[in-house]
Amino acid sequence: MIDEALEPGVQAASPTRSLGRFLTDVLVVAERNLISYARVPETLYFSSIQPVMFVLLFRYVFGGAIAVPGHSYVDFLIPGIFVQTVAFGSIGTAVGLAEDLRKGFIERFRSLPMARSAVLAGRTIADLCRNILVVIIITVVGTLVGFRVHTSPLAFVGAVGVLLLFAYALSWGFSVVGMIAPNAEAAQLMAFPLLFPLTFASSAFVPVQSMPSWLRGFASNQPISVIVDAVRALSLGGPTSGVVLRAVLWSLAILAIVVPLSVRRFRRMV
Amino acid sequence: MVEAGTVFGLLGPNGAGKTTAVRILTTVTQPDQGRARVLGRDVQRDARWVRANIGLAGQFAAVDENLTGLENLRMIGQLTQLSRAEATSRASQLLVAFELDHVGKRPLKTYSGGMRRRLDLAAALVHRPPVLFLDEPTTGLDPYSRQELWKMVEDLVRSGTTVLLTTQYLEEADRLASRIAVVDKGRVIASGTPKELKASLGSSVAEIELLDPTEMAKVVSLVEAGLTSRAMEVDGKLEISLEGGPRELKELLVFLDDNNVVVRHLTLRDPSLDDVFLSLTGRSSGSRSSGGGQDD
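Protein chains in written order, with the working numbering: chain A, 4 to 273; chain B, 761 to 1056.
Source of the hints: derived by calculation from the structure; they are not laboratory data. One thing to keep in mind: the hints can contain errors.
What the hints assert, rightly or not - Taking lysine-lysine pairs in the DSBU-like style, the calculated list, with each CA pair at most 30 Å apart, reads:
#, chain 1, residue 1, chain 2, residue 2
1, B, LYS945, A, LYS106
2, B, LYS1010, B, LYS955
3, A, LYS106, B, LYS911
4, B, LYS958, B, LYS945
5, B, LYS997, B, LYS1010
6, A, LYS106, B, LYS865
7, B, LYS958, B, LYS1010
8, A, LYS106, B, LYS869
9, B, LYS911, B, LYS865
So here's chain A without its partners, still in its complex pose (with noise of 0.2 Å):
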């Protein structure tokens, strides 16, 4: 007996390219990821129980240790987890790729006649869905602890969108690496030793006047601070126009450089 479900088509014209093809690859590929990271443990762990972890730590441990000038610690802080979680979530994106890579999953994408380049946009869409997730988790989580917004709901949305679009585009830094390492825990050790010192010698946990004068010109111009700066100017009060520019500039840099090596990776890889 032959199987109908078996039997060849006849030969398919070329398919078409159009915007709502890419569209739909993208999402696609994005609805795949997201269920994959809602079905690892490890990808849960990293985008709720660790944040929550740092913002205890800080609040209770920490806090008590470390002035602020104009603010309480909390409000200073949590602009800063937001930033620091989303920078470290990144590391997902390379992760997930170099993943794929190795087992091969990239290969079945690249023989598909879908639109190559659905691929990266499909993860990095999926990774900005997850890092919506983290920021709902850590605004709970800050105003259980007592972080309250002192500009206007507006701002703070503002201040997401700047924080958003910084982890989009780290997200397609993070790609990069991905398609460079050899296999998923390189690109994990690949990742930590280019955001450790971009997080922590930042304003995210402490005023950066605190800091050896050596540090200080890096620590306050590095990107993660100036997303930081902004951020905290959105949620707390204060001039921000100078630095939301600033921040917004960063990520448009960002993304201007990454995205073109990505794609360009990735098409050239063999």
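For chain A, the structure is supplied; the task is to place chain B on it using the hints.
Frame of chain A; chain B shown alone:
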């Protein structure tokens, strides 16, 4: 050229270039030089057209183990231009055809190796490609799962699919392929039907165990010098191919007796593709000892 509706086997050891050939033909990678065509279309110039008409199932089961069988197949369906509803019904249909419908709603990490490989094959067929590439589809599978997969490939070919199969298992090529090319170090060193390739070796192979195995090297050179060049040691046995078939056996035994070689055990068998490979390259294909491993 591969005839439509048949299996063409690419046979060779690890590192022979089988996987590279498949990756070029499936547009996954670009050739350093030269041209390749699938269904008459250039794989570089008409890459998108080629992709719409081929399926690829590799030596790794390229499926997401966190997704269910249904979700995996539906995703591939949507990426091959089916609507979500069409992709869902095609996925269910394939799950039934591959006897996976009872586990269709479970994540793949709960599947056995054989089940994953079957799903991988199903994934390559979602868009009903006329041409299917199977890159070492049974590497690492247990004998039962291998048989199952072979049956499915045979069903596919009966339905009219053209298959390019790479394998390092001679038994697999012998069973599935109607034509075979033997490749080594990136070159085709022989091609033909399995029958032709075997016939090129004469009609029988004598496998001889010596009473004194330490004499093996001496006996091999003795036979080569005095009787036939088609003698070699394989896994501790002396293998001699008899071009004229069993009637040359008498001559062989007389020769051994004259030279005081005592035979402990003798078997006469038809030549296998392993013998073809051995005589072409001077080494065993590696499929006898352990199998497994990956191509680069």
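- Query: Holds or violated: B:LYS911 with B:LYS865, Cα cutoff 30 Å?
  - Reply: This hinted pair holds, its Cα atoms lying about 24 Å apart.
- Quick one, are B:LYS997 and B:LYS1010 close enough, alpha carbons at most 30 Å? Between B:LYS997 and B:LYS1010 the Cα gap is close to 19 Å, so the pair holds against 30 Å.
- Query: Quick one, are B:LYS945 and A:LYS106 close enough, alpha carbons at most 30 Å?
  - Reply: holds (25 Å)
- Task: Measure nothing beyond the straight line between the CA atoms of A:LYS106 and B:LYS869; if it is 30 Å or shorter, mark the hint as holding.
- Result: Answer holds: A:LYS106 to B:LYS869 is near 13 Å, not above 30 Å.
- Keeping to a limit of 30 Å between CA atoms, is the pair of A:LYS106 and B:LYS911 held or broken? The given pair, whose Cα atoms are some 26 Å apart, holds under the 30 Å limit.
- Task: Decide if the proposed pair is consistent with the structure: A:LYS106 and B:LYS865, CA atoms, cutoff 30 Å inclusive.
- Result: holds (22 Å)
- Query: Is B:LYS958 close enough to B:LYS1010, meaning Cα to Cα at most 30 Å?
  - Reply: Within the cut-off at roughly 22 Å; holds.
- Query: Between B:LYS1010 and B:LYS955, does the CA-CA distance stay at or below 30 Å?
  - Reply: holds (26 Å)
- Item | Given hint B:LYS945 paired with B:LYS958 - CA-CA distance at most 30 Å | With a Cα-Cα distance of about 21 Å, the restraint between B:LYS958 and B:LYS945 holds, given a limit of 30 Å.
In this structure, none of the earlier numbered hints is contradicted; all agree with it.
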